[in-house]
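Residue numbers (our numbering), protein chains in the order written: chain A, 1 to 194; chain B, 1 to 581; chain C, 1 to 221.
Because the hints were derived from the structure by calculation, they are not lab data. Every residue, glycine too, gets a C-beta built ideally from N, C-alpha and C. Misleading hints may appear alongside valid ones.
Keeping only pairs whose Cα atoms sit at most 30 Å apart, straight-line, the calculated DSS-like set for lysine-lysine is [what the hints assert, rightly or not]:
id, chain 1, residue 1, chain 2, residue 2
1, B, K216, B, K147
2, B, K386, A, K41
3, A, K157, B, K168
4, B, K173, C, K174
5, B, K168, A, K78
6, B, K159, B, K502
Computed far set for chain C versus chain B, every beta-carbon distance over 12 Å [to be verified]:
id, residue
7, L29
8, C47
9, L186
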Amino acid sequence: MYGIGLIKGLSVTLNRFVESYTEDIRWLVKRYAKVDFRSSKDAKGTFTIEYPEQQLNIPEEFRFTPFLVYDEGENGEKNIRCTSCGICAKACPPQCIWIVRTVDPATGRPQPQPAEFYIDADICMNCGFCAEFCPFDAIKMNHDFEQSSYTRNLKNKEILLQPASYYANIRPLNYAKEEAARAEKAAAKAAAKA
Amino acid sequence: MDSTKNTDVLDLANLYKDSVKADDRPGFSGFIIAKEKLFDIAKDLRDKYGYDYLSCVSGVDYPETNSMEVVYHAYRSSGGSALVFKTQVERVDPMEVPSLISIWPGVDLQEREIWDLFGIKFAGHPDLRRILMWEGFEGHPMRKDWKEAFYEEEAKPLKSRWPDGNHKYAEAKAAYGDNINFEAGFDPEKWTPTDPEEALYSALKKYQTEDVDGIKTDHLLINMGPQHPSTHGVFRAVVILDGEEIVSLKPVMGYLHRNHEKIGERNTFLQNIPFTDRLDYFNSMYSAWGYSLAVERLLGLAVPERAEYIRVIFGEMSRIQNHLILFGMLWNDLGAYFTPALYAFEERELMLDIFEAVSGSRMMCNYHRFGGVVRDIDPASMQKIKELVYERLPRKIEEFDRLLSENEIFVSRMKGIGYLSPEDCLAYSVSGPTLRAAGIPYDIRRAEPYGVYDRFEFDIPLRYNSDLLDRYLVRIDEIKQSVRILQQALRDIPEGPVLTGKPSYQIKVPAGETYGRVEAPKGELGYYVVSNGKGNPYRYKIRTPSFVNVTSVEKMCVGTKIADFVTILGMVDIVLGEVDR
Amino acid sequence: MSINELNLPDFNIPDDMEGKVTVTTLDRLYNFGRRSSLWPMMFGLACCAIEMIAAQAARYDMARFGMEVMRPSPRQCDVMIVAGTVTKKMVPSIVRLYNQMAEPKYVVAMGACASSGGPFKEGYNVVAGIDKYLPVDVYIPGCPPTPQALMAGMIKLQEKIDKQSISKVRWYQKGPDSVEIAVPFLGPDLIDPRRIPDIKAKSAELAVAAVAPAAESSTEG
Ligand code: SF4
Ligand code: SF4
Ligand code: SF4
Chain A
1 MYGIGLIKGL SVTLNRFVES YTEDIRWLVK RYAKVDFRSS KDAKGTFTIE YPEQQLNIPE
61 EFRFTPFLVY DEGENGEKNI RCTSCGICAK ACPPQCIWIV RTVDPATGRP QPQPAEFYID
121 ADICMNCGFC AEFCPFDAIK MNHDFEQSSY TRNLKNKEIL LQPASYYANI RPLNYAKEEA
181 ARAEKAAAKA AAKA
Chain B
1 MDSTKNTDVL DLANLYKDSV KADDRPGFSG FIIAKEKLFD IAKDLRDKYG YDYLSCVSGV
61 DYPETNSMEV VYHAYRSSGG SALVFKTQVE RVDPMEVPSL ISIWPGVDLQ EREIWDLFGI
121 KFAGHPDLRR ILMWEGFEGH PMRKDWKEAF YEEEAKPLKS RWPDGNHKYA EAKAAYGDNI
181 NFEAGFDPEK WTPTDPEEAL YSALKKYQTE DVDGIKTDHL LINMGPQHPS THGVFRAVVI
241 LDGEEIVSLK PVMGYLHRNH EKIGERNTFL QNIPFTDRLD YFNSMYSAWG YSLAVERLLG
301 LAVPERAEYI RVIFGEMSRI QNHLILFGML WNDLGAYFTP ALYAFEEREL MLDIFEAVSG
361 SRMMCNYHRF GGVVRDIDPA SMQKIKELVY ERLPRKIEEF DRLLSENEIF VSRMKGIGYL
421 SPEDCLAYSV SGPTLRAAGI PYDIRRAEPY GVYDRFEFDI PLRYNSDLLD RYLVRIDEIK
481 QSVRILQQAL RDIPEGPVLT GKPSYQIKVP AGETYGRVEA PKGELGYYVV SNGKGNPYRY
541 KIRTPSFVNV TSVEKMCVGT KIADFVTILG MVDIVLGEVD R
Chain C
1 MSINELNLPD FNIPDDMEGK VTVTTLDRLY NFGRRSSLWP MMFGLACCAI EMIAAQAARY
61 DMARFGMEVM RPSPRQCDVM IVAGTVTKKM VPSIVRLYNQ MAEPKYVVAM GACASSGGPF
121 KEGYNVVAGI DKYLPVDVYI PGCPPTPQAL MAGMIKLQEK IDKQSISKVR WYQKGPDSVE
181 IAVPFLGPDL IDPRRIPDIK AKSAELAVAA VAPAAESSTE G
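Extracted from the complex, chain A is given alone in its bound form (with noise of 0.2 Å):
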């Protein structure tokens, strides 16, 4: 008959419709619990998680725009990280990265720090290569997607020097990882020297 197919369809939207109530009920104690349940396989009726109020769970691996590592010294002084070796700047690919390399002034001899270091975050397309190539886990992906503003965004040294502490807080187990291989290595140094 003519409006069966019609009528099997709209009891789907029918089906949803009533569901979006019976889970506003349930979870109307424990409203800001949803977001898992909402993400989980389980997921009815009303499926929106209420930005700002509510966020979505960030993965780990999660990746926006990259930022600097330093870490910090005993009297705060910003140890950079990177060496300014290069390998993200090479590694990029729509080269948004502009690294200067610091030379002494008397010996003319590069130095392992980057006297500027840029980033075009209106080029960088997220892709993670910088992170992923860099060997001395001085570049990492941010997962502060909140970087709108009202001009364009060319990031500088200082705008993307970001602490280690950071870094450990929306990494923590690429951290642990890193950490434990470098506590690794340098045990090794020590035992080749002794």
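Guided by the hints, dock chains B and C with the ligands onto chain A, whose structure is given.
Same frame as chain A, now just chains B and C with the ligands:
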């Protein structure tokens, strides 16, 4: 791979001794046909030897040998590997090779593209206009000696970035302070604008005044797009109507031509992977697969078992997600404004969550590497995938099926519309679900298996009416088969490494050519890559399903009503990132 | 305190003046009206557009901000989200669409491509940023910005609107911003009508430069 299938490649050089020679450059294969004989031999290939499907036509520029080359990849629809044949012309304007459009009409747009980007003329092509750039644009940009305004160096990495990389906007270096270039002495005031549309309109069947019973009728010309809600992006179609009936139609594209190929030839091999993500942005997991496959072949690199399974898992998830979105968008076009699309996006979001957790980005996954994938699936994501595949997806697909498939309005809008005969499907080089809805069991996963697809049990869904409804149903079946593949892959996935060798950002690829193709959700996605032994590809050509499938739209549309055009185009399943590249 | 200062929407009204100052409250009302029903144009260019659609879909639901009504017609919308790569072939249409939008109108450059050409900046058919033609209000970096990032950008736009004043916004002023933007056209390359004298001078200069070495060599020979 199946060895019996590989041996049946024709030895053209023996068959046509005086006009064909085998390509003996190191790393190259196939046959070079003298261009005078190209047409006749191509005809024989189709009629005598059964190469009824011409998949890919690429142009290559070789300034060192002062020649240009056109490379053809032909297949038999019964399966098997490619027959590669080429023809060369001297690199002096005007260059001309015979057009094969009367043998395989599917080369239409591809030949126009080569004319546009390389400046090789195809003699006998009835409508040889620029396609991606506009009529009147100066130069043929894919030639090796053509340089854009922001040109810096032949190959990346650029020297200005390190060690003395004081930031400078590209505009500051360009002659005109912007991404534009003019011939020296060009005077915009004296320049007389030519109507860029003139050639286009004259290619259409004109506003003929016909005498029907003594009444004069004018045909109506309608421009749809590039900004039109139902063209799925910046696609434009120019339609000539007789009343409501479509008389003639020309697709106009290039509004999203982002120069993938030119940029890709400057990039290193690795740098192209994130760019492939931006071709078919619904299926970045699949786009990168084809490219990795091609480069891995050149490198002779094996992929670890686990990585192969991971590729299949994500590939099939993209396929499900792609088809669901297609249905949602199709319904939008048909007037069921947004409800099905919203439902489809829910499932997609759940899958994208997994992509994001594993690869780092929802859409631009950048997950494949040569010789594997970048990182393993973490246990939590694996658990999520399993939950989706075993519990949620089957349920939701069934719900979707119930929502749409039997809806009478839907069926009556789709049944019998957009018919394309199986012979035409092959002739027009149509690939993907559209081809299988015409009853031709051609699926690269079976015809020329790649990855570990030969280990899974799955059917190639087939339908025989070749109308819109069948194309829809084939896709529903495909989703179900994908779930089946996923279930097997999740069951069988072995432990182990996911990447062969050490990750490296500089890869030297041995000289040679290769064509890697995969059955992407939209059809055959192929990468023709030529390497000259350096760090960046010499030629990087992308054969995208959307672009080639558009060739057949005119054939499907003529004779139907204008309202059906939207549905037909929707069912071809184009994505503009792929059409225009 | 000058009148103009009073007129700024971010000026806090002292209690004793409450109810007496009309222009300020008018601004607020006006801003509230505009910020609460920003209708975007249904207008997608590339990959970013898919994230824009995702932001409209159930998961993120921009309707919560009054931005759900995507209008295909430029006449009915307030904000143009330029979502994707702007190509030379497309930019005349985009500028034309912008000109057709009714004021007040805003432009959001979503993603790297719309902001400055993005990864495709070097391409020969790519416009290096829509801000070369249109006045962009908010730039959202990212490739693509996630739907949440897009919403953060739209909230930023709302904040900007909150600070605007009727008497200052560009479309009620005389000046270069209030007029229609000249539509670029396609010649041998993209030509911006505003830059014609520039282009002419530069190409003449190049022609001289091209002739000069030739002439030099001929005098030498
Ligand atoms: S960030 Fe890393 S890769 Fe880049 S220059 Fe610094 S140390 Fe080298
Ligand atoms: S994320 Fe990719 S594009 Fe962005 S700076 Fe790093 S390498 Fe370059
Ligand atoms: S910014 Fe990135 S995601 Fe957006 S359109 Fe450009 S390439 Fe696509």
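Do the hints match the structure? See the list:
Taking the CA atoms of B/K216 and B/K147, the gap is near 51 Å; set against the 30 Å cutoff, the hint is violated. Distance restraint check for B/K386 and A/K41: the Cα-Cα separation of roughly 10 Å lies within the 30 Å cut-off, and the hinted pair is therefore satisfied. The straight-line distance between the Cα atoms of A/K157 and B/K168 is roughly 15 Å, inside the 30 Å bound, and the hint therefore holds. Restraint check for B/K173 and C/K174: not satisfied, since their Cα atoms lie roughly 34 Å apart, outside the 30 Å limit.
Distance hint between B/K168 and A/K78 is fulfilled; the C-alpha atoms sit about 27 Å from each other, no more than 30 Å. Restraint check for B/K159 and B/K502: satisfied, since their Cα atoms lie roughly 25 Å apart, inside the 30 Å limit. With a closest Cβ-Cβ approach of about 31 Å to chain B, C/L29 is found to remain outside the 12 Å limit, as its non-interface label requires. Separation of C/C47 from chain B is inadequate, the least Cβ-Cβ distance of about 4 Å not exceeding the 12 Å criterion.
Non-interface status of C/L186 relative to chain B is broken: a Cβ of that chain comes within 12 Å, the nearest being about 5 Å off.
In the structure shown, a violation is registered for the earlier hints numbered 1, 4, 8 and 9, in ascending order.
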